[in-house]
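Protein chains: 2
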Amino acid sequence: MAFTGTQLRSRVTQDNTLELSLIEVTLPDPEPDEVIVQVEATPINPSDLFLLLGPADISTARVSGTPESPVLTADIPAKMMRMVAGRLGQSLPVGNEGAGVVVAAGSSDAAQALMGKTVGIAGGEMYAQYRCMKAYMCMEIPAGTSAAEGASCFVNPMTSLAMVETMRAEGHTALVHTAAASNLGQMLNRICIEDGIELVNIVRKPEQEEILRNLGAKYVCNSTSDTFLKDLTAALIETGATLAFDATGGGKLASSILSCMETAAVQSMTEYNRYGSDVYKQVYVYGLLDRSPTTLSINYGFEWGIGGWLLTPFLQKAGMTKMIEMRTRIAAGLKTTFASHYTREISLAETLSLQAVAVYSKQATGEKFLIRPQL
Amino acid sequence: MAFTGTQLRSRVTQDNTLELSLIEVTLPDPEPDEVIVQVEATPINPSDLFLLLGPADISTARVSGTPESPVLTADIPAKMMRMVAGRLGQSLPVGNEGAGVVVAAGSSDAAQALMGKTVGIAGGEMYAQYRCMKAYMCMEIPAGTSAAEGASCFVNPMTSLAMVETMRAEGHTALVHTAAASNLGQMLNRICIEDGIELVNIVRKPEQEEILRNLGAKYVCNSTSDTFLKDLTAALIETGATLAFDATGGGKLASSILSCMETAAVQSMTEYNRYGSDVYKQVYVYGLLDRSPTTLSINYGFEWGIGGWLLTPFLQKAGMTKMIEMRTRIAAGLKTTFASHYTREISLAETLSLQAVAVYSKQATGEKFLIRPQL
Chain X
4 MAFTGTQLRS RVTQDNTLEL SLIEVTLPDP EPDEVIVQVE ATPINPSDLF LLLGPADIST
64 ARVSGTPESP VLTADIPAKM MRMVAGRLGQ SLPVGNEGAG VVVAAGSSDA AQALMGKTVG
124 IAGGEMYAQY RCMKAYMCME IPAGTSAAEG ASCFVNPMTS LAMVETMRAE GHTALVHTAA
184 ASNLGQMLNR ICIEDGIELV NIVRKPEQEE ILRNLGAKYV CNSTSDTFLK DLTAALIETG
244 ATLAFDATGG GKLASSILSC METAAVQSMT EYNRYGSDVY KQVYVYGLLD RSPTTLSINY
304 GFEWGIGGWL LTPFLQKAGM TKMIEMRTRI AAGLKTTFAS HYTREISLAE TLSLQAVAVY
364 SKQATGEKFL IRPQL
Chain G
4 MAFTGTQLRS RVTQDNTLEL SLIEVTLPDP EPDEVIVQVE ATPINPSDLF LLLGPADIST
64 ARVSGTPESP VLTADIPAKM MRMVAGRLGQ SLPVGNEGAG VVVAAGSSDA AQALMGKTVG
124 IAGGEMYAQY RCMKAYMCME IPAGTSAAEG ASCFVNPMTS LAMVETMRAE GHTALVHTAA
184 ASNLGQMLNR ICIEDGIELV NIVRKPEQEE ILRNLGAKYV CNSTSDTFLK DLTAALIETG
244 ATLAFDATGG GKLASSILSC METAAVQSMT EYNRYGSDVY KQVYVYGLLD RSPTTLSINY
304 GFEWGIGGWL LTPFLQKAGM TKMIEMRTRI AAGLKTTFAS HYTREISLAE TLSLQAVAVY
364 SKQATGEKFL IRPQL
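Chains as they are written, first to last, in the numbering used here: chain X, 4 to 378; chain G, 4 to 378.
Simulated from the structure, these hints should not be mistaken for laboratory data.
Please read all numbers here as calculations on a predicted model, not as lab measurements.
Be careful, since some hints might not be right.
[Claimed, not checked] Straight line, CA to CA, 30 Å or less: simulated DSS-like cross-link-like pairs of lysine-lysine: (1) Lys-365(X) - Lys-325(X); (2) Lys-320(X) - Lys-325(G); (3) Lys-82(G) - Lys-255(X); (4) Lys-208(X) - Lys-221(X); (5) Lys-120(X) - Lys-137(X); (6) Lys-208(G) - Lys-338(G); (7) Lys-82(X) - Lys-255(G); (8) Lys-320(X) - Lys-320(G); (9) Lys-82(G) - Lys-233(X); (10) Lys-365(X) - Lys-338(G); (11) Lys-325(G) - Lys-120(G); (12) Lys-255(X) - Lys-325(G); (13) Lys-325(X) - Lys-208(G); (14) Lys-320(G) - Lys-82(G); (15) Lys-120(X) - Lys-325(X); (16) Lys-120(X) - Lys-255(X); (17) Lys-233(G) - Lys-82(X); (18) Lys-255(X) - Lys-365(G).
[Claimed, not checked] What follows is a list of derived Cβ distance ranges for each label pair: (19) His-344(G) - Asn-302(X): 48 to 58 Å; (20) Pro-31(X) - Gln-270(G): 30 to 40 Å; (21) Phe-53(X) - Thr-324(G): 42 to 52 Å; (22) Met-84(X) - Asp-281(G): 46 to 56 Å; (23) Glu-173(X) - Thr-324(G): 19 to 29 Å; (24) Ala-367(X) - Glu-328(G): 53 to 63 Å; (25) Leu-318(X) - His-344(G): 29 to 39 Å; (26) Thr-230(G) - Gly-243(X): 41 to 51 Å; (27) Asp-229(X) - Ala-5(G): 39 to 49 Å; (28) Asp-18(G) - Ala-367(X): 33 to 43 Å; (29) Thr-16(X) - Thr-298(G): 26 to 36 Å; (30) Asp-281(G) - Pro-31(X): 27 to 37 Å; (31) Ala-367(X) - Gln-270(G): 29 to 39 Å.
Glycine included, each C-beta is placed from N, C-alpha and C at the ideal position.
Please build the complete structure, drawing on both the sequences and the hints.
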C-alpha cells in the first residue's frame, strides 16, 4: 500500500518571487531500515522561516489558487536575491521537525519495532502528511505523551542542551542568553535550574522579565532599561559568565555583552595590563532576529571572540553517544523541562493564509504555531 | 660595580594628562641567574604605543624640562580616561624588546656564559640604558649580527611565525593578512614563501602593492580599488585561505573578508544550504590601527568567527619547546627572513621630542623608529 499525501513546497523564481504551494506526493515503499510516519504535528520554528519564506517582503504577499490548494506569492527585494541564488527555481520541501505515528515499516527489526508507535523526528520535509524516515532517526515518544507534545522534540531541546554542553566543553561555568523569554530561552532556564548553572537572561520587555522570573530565573536584565549595562555587569560579576548565546545578531548587543564581561573581569585584576584582562570572553550568534549590521566597539582587549553557532556542526562534533544521551533526557522530559507552548494550531493550507503568515513571519517572542497536517 | 642609567617612563595623571619623562635608575647587582644588558637598540613597535602614549591626543603635545631631561605632556580626551583607569598615577617603564651587550652576569654558568655577548631580549622596560634580565630569556645573537640587527628579534618575528603556527594548529592551509606592507607583513611574506604557504596580502596603496610584489608576493589586493571584493574573492578561490589576521580592527574590512571567503566556499558547493557553506572562516584581530567601530554584515552563514589574537597567550599555549624552536629559526634569519628596516634612529631624549612623536605616533606603514639608548 502506497501512501499519498500533501506536502508544502517553497520556491524562489527568477522574477524575484517567493511561491509557497501544496503538492501531492506518493511515497515509495519503505526500505528495510525505514518507516513511514503519518505526521500529526510539526512546529514553525524561527529556524524554518529562512527556508520557508526566504528574504521575501511579507507585506506584499497575496494568495491565489483554490481554498484546498492555495498558492501564496510574495516579492523578494532585488538586493536580497543574492542570498537565495543557490535555490533558484528549485521546489523545496520545508519543516525541520515533528511527530507522528508509524503507519508502515520496512522489514528490519528496528523498523518493525516502531510500528504503531508515536515518534519524534527531525530531518527536514516535515510540513507534509507523510514522511519516510530511517528507523534509527526516530525518537520513540513515551506512552502518555501526545504527538503534539513531542512535535518540538529536537530543535529547541537539542539546541538548549547543546548550549550547556558547549559551555562545559569550552571551559566556561555560566551562561548569558538573549531573546531569553522565547520558547528556547524558557527551556534553557529550566535546564540551567536543573543542572545548577547560573544563567543571565537578557530580554527587551517588562512582560518578558515577568515570564522568566515566574520560571525562577535569578538574573534577568532588560536591554531597553537605562541601567542595562550596570545591571548586566553586576550579574556577570556575580555569575562569572563568560559565554553568551545571542539570537539577535545585529546591533550593539553582542559588543555590549563582551564589554560588560571585560569590566567584570577587570574588577578582579590586581595589576594594570595594557592588553586588557586575560579572561576569554565569547559570544555565539545563533540567530539573526535583528538583521541590521552588527557593530563592535572593541574595548575588551584581545581575549574575545564572536562567531556563528549552529546545532548541526555541534552534533557532528559531539558524536552519536552524546546525541543518544541528549535524546534520552529529552524523551523523559517532554512534558516538563522540554515542553513547548503553542499559540495556534493550523492546517497545511492555513500555513499559506495571509492571516497566519503575517503573524508567524514576525518571530515574536511567545508566538509559536503548530501545523497539524492531518487537519 | 652598580650600573646607573637613564630610563623612559610614561605616566597618566588624574588631570587627563600623559607625561613622558626620563629618570635615572641604579640597577641592583644581578642574581645568580641574571645578567645586566647595556641596551644598544630598541624599536618603537605599534605594540609599544598603547603603553607609551595611551589614548593621548598628540596634537596637544608640548615639551618642558631641559634638553637632557625633557618632559613631554599631552592631553587625554576625557572620554578616553576610562581606558587608562588601571594605570592612573603609576610611572611605567616602556619598551617590549631590544638588543644589547651583556656587561655583568650573575654567578650561574648560564649567566656567565653570556658575558660580553650580544643578546636580544623581550620583557618590557627596554627603553633604558640598562636592563637586568634572566639569562634564559636572552637570545644570543650570532657573531657578525649587530645589536641594531637583533633589536626586533622578538615581537615581529615571533608574531609572524605564530600566525603560521596558528594557521596549522587550527586546520587552515593558507592565510590572509591586512596592512600587509608593514615590517611584520613583509616578514610574513618571506616566511610564507620559505614554507610554501599561500598568502593573500591586503594593502591600501599602490606603492604598498609594489613593495610586496617586489618581495615576490603572488596575491596582493588593494582595499581601495573598485574591484577589491572581486580581486579578493578570486585570490581566496585560488588559495583556499580561510584564516585572516587583521591589524586594522575597525570598519568593514573583517566582515568583507568573511563575506568573500563565504562566496569562495559556496562556489564549490553542489547543493543549496540555507545555513551557508560548512567551511569555517576565521578573522583574528591583532591590532586596532582603525579605531572606528567594527561593522559586521553577517551574510556568511554560521561557520565563522572573529576574535582578538595576541602573541602572549599563543606562546603560553605553545609551550617552551615550540618557543625555543621558533627562537632558533629567528636567530639564524636575523639578516634575511627576520630582518627589520628602520627609517630613523633616535636617542631616548629625542623619543620625547615633538618632531619624533608626531611621526612615530602615526604608525604609518613603512615608518619605523629605532631608539639608541647609548646616544
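Problem - In rising order, the numbers of the hints this structure does not comply with - result: Numbers 1, 10, 12, 13, 14, 16, 19, 22, 25, 27, 28 - these are the hints that the structure violates, sorted from lowest upward.
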